[in-house]
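J.: Listed in order, the protein sequences are those of chains A and B. Its first residue numbered 1, the first sequence is counted upward by one per residue in the numbering used here. Its first residue numbered 1, the second sequence is counted upward by one per residue in the numbering used here.
Just so you know, the hints here were simulated from the structure itself, not pulled from any lab data. Accuracy of the hints is not assured; some may be wrong.
Residues of chain A placed beyond 10 angstroms of chain B at every Cβ, according to the derived structure [stated by the list, open to error]:
#, residue
1, Leu27
2, Ala32
3, Leu66
4, Ala89
5, Leu92
6, Phe107
7, Thr135
8, Ser136
9, Leu170
10, Tyr236
What follows is a list of derived Cβ distance ranges for each label pair [unchecked claim]:
#, chain 1, residue 1, chain 2, residue 2, range
11, B, Ser119, A, Thr135, 21 to 31 angstroms
12, B, Pro48, A, Asp11, 34 to 44 angstroms
13, A, Leu170, B, Arg108, 28 to 38 angstroms
Beta carbons are placed, not taken as given, at the ideal position from N, Cα and C, and that holds for glycine.
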Amino acid sequence: MLNDAMTIAGDAFRDANRRKGVVYFLLIIAIAQVAVFALYGEISLGIEDKLLKDVGLGMISLVGLLSALAMAFQIPRELREKTAMTLFAKPLGRESYLVGKLMGISFLAIRNMGIVALGVIFILNSNELTGDGFTSGFLQSFLLTVVGTIDLIAITLLISLYLTEGISVLLAIILTILGNLTFAISHSETGLSSVAGIFKYILPNFYLFDIKSEVAASLNTSVPYMLFASGYGIAYAIMLASLSLILFRKRDL
Amino acid sequence: MKSNVVAIIVFLSSLMLMIFFQQQSERLRMEDRAKDVGVSYLKRDKMPTAGFDAVAADLIWMRTNLRRQPKLRQDISREEKKEFLTREAKRDYIGYSKVVSLDPTFKRAYNFAILRLMSELPDQAINLAEMAMIYLRSDTKEFSELAGHIASTVKKDYKSALGFYENCVAGGPSKEYLGRRYLRTLLRIEGINPYEKNLENQAKQIIAYNLANKGLMTGMEGMGEFGDMGEGAEGAEGMDQMDFGDIQAESWIQPILLTEIRNFLGRTSLEKHSLSKKKIDEVKNIYKSFAPKGYACQRCYIEYSAGDHFCYQCGLNLKSYGVCTKDGCDSVLKGHFCHTCGTKAPKGFVPPAKVTAPATPL
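Build out the structure end to end from the sequences listed, making use of the hints.
T.: Below is the structure:
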């Protein structure tokens, strides 16, 4: 099963990679980062270091989000065009298909985010304006962003099994926004807190993976937190993948 | 069927793990933040930025700062001008509020906003300073100082200002000017203008009174005892009940008090003020306890150097020391013999320490 899943993963990775838009987008981001950095001194009004870290970590998240959305395009298209059926006709289980897709798009997202992260690290360490440069906090933020992106991919996997491309993308973005709000709303003193308190166990709690502001402000994040937050992300992804599998098995294609 | 059961077991176990990890993560994150910026950092109301809070804060900050403001026409009345400036400040305040709610640790934004808003919207500027004190704990002094300055100079709310200055000096030594501001604010609360010269005497007494009354000068360790500072300031009359018995502690306030009283004593004689002999003696006693241990002017207690014949502050004729005793020579002695006439130095004269020559020629 694992070999089958890896085959599907490789195929999903290549398929998403074949789309030149992603590569061009990464290139544009890399060039824009370097180009804009030259202007930071003028437009940032003395916060070059903070701005670079904020924008760099933001770009990594954005690339992760866009990479995750590749899932929303792949599965509905394959199901609509019946290309997935040819795979199921072979001795490939649906579980291999889903796990393979999840792994393939995750690899793609990690690769893309890694490229942007390397670019940011290069700029952070190549200029005296950027203060303390690359820090362990940056690495922590990157790792949590990766885990959060895998969760987003798992969500997109689940919704793209039943919805069309456009609606899947829209719903994935809405869930990303809501997932970032649940923590704050559930702890706020508004009337929504009790509702959000329930939803935070259903929706992904992306706020647990968002330590970008804390990193830019040089606030410390403990190792136990990193372990538990990563554990949460992995458990959430496995839960959604198994739920997708249970539902997908019952689906009449 | 069997594989479905496995999937369901995996689903349920990962669900339980997920709930456990989420609760633990939330707890740990709150503990982490409680150590530096406080839990309210996590609980603040958030805008739907999908995790791009910091980037959004940067963009709004730049937009607010780089916003092209409409030109102020010169032919308008003072009221219209004020209205215009307030309207523009309010517009900027909205921007800055968004910035610091998105990124509460954005120090530069607080600085810019407070300085921008302090004239037109002092209340909002103080609110921002208070927010900065919560989220930027290592910069509490800086923002307390700003808030105190706005409260005292713009709002004329001296009680609030005193509270902010207490924050400034709390927990250890502060810049001397902050201590002075603190004392001046204290006087303002007593209804005394510290810059008004005819009330100077009274002001100084109240400074001394308050300091002594609050135990600042006796064994003070830090400014932790400032909590009840507002009470007990009874004005000049309080001097009668004052007890300056044990004025000896080293503290940040000592040099300030010393300078304050020295300036006062130096500018004019105490006797010229309409004070009772007892009060004059009390003020003198305060000063004496801090006075230099070497040769000092008997009127203003300024320490003077060898060879000085008159006080450089009050002009009092001094008893000079460290000079050659031969008539007409008057050279300042450097050793056991006068370097001008060779006369032996008087008994008990201690020559100044020799200056060691540098190892290499300068």
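J.: Provide an ascending list of the numbers of those earlier hints which the structure does not satisfy.
T.: Checked against the structure, the hints that fail are numbers 10 and 11, while the rest are satisfied.
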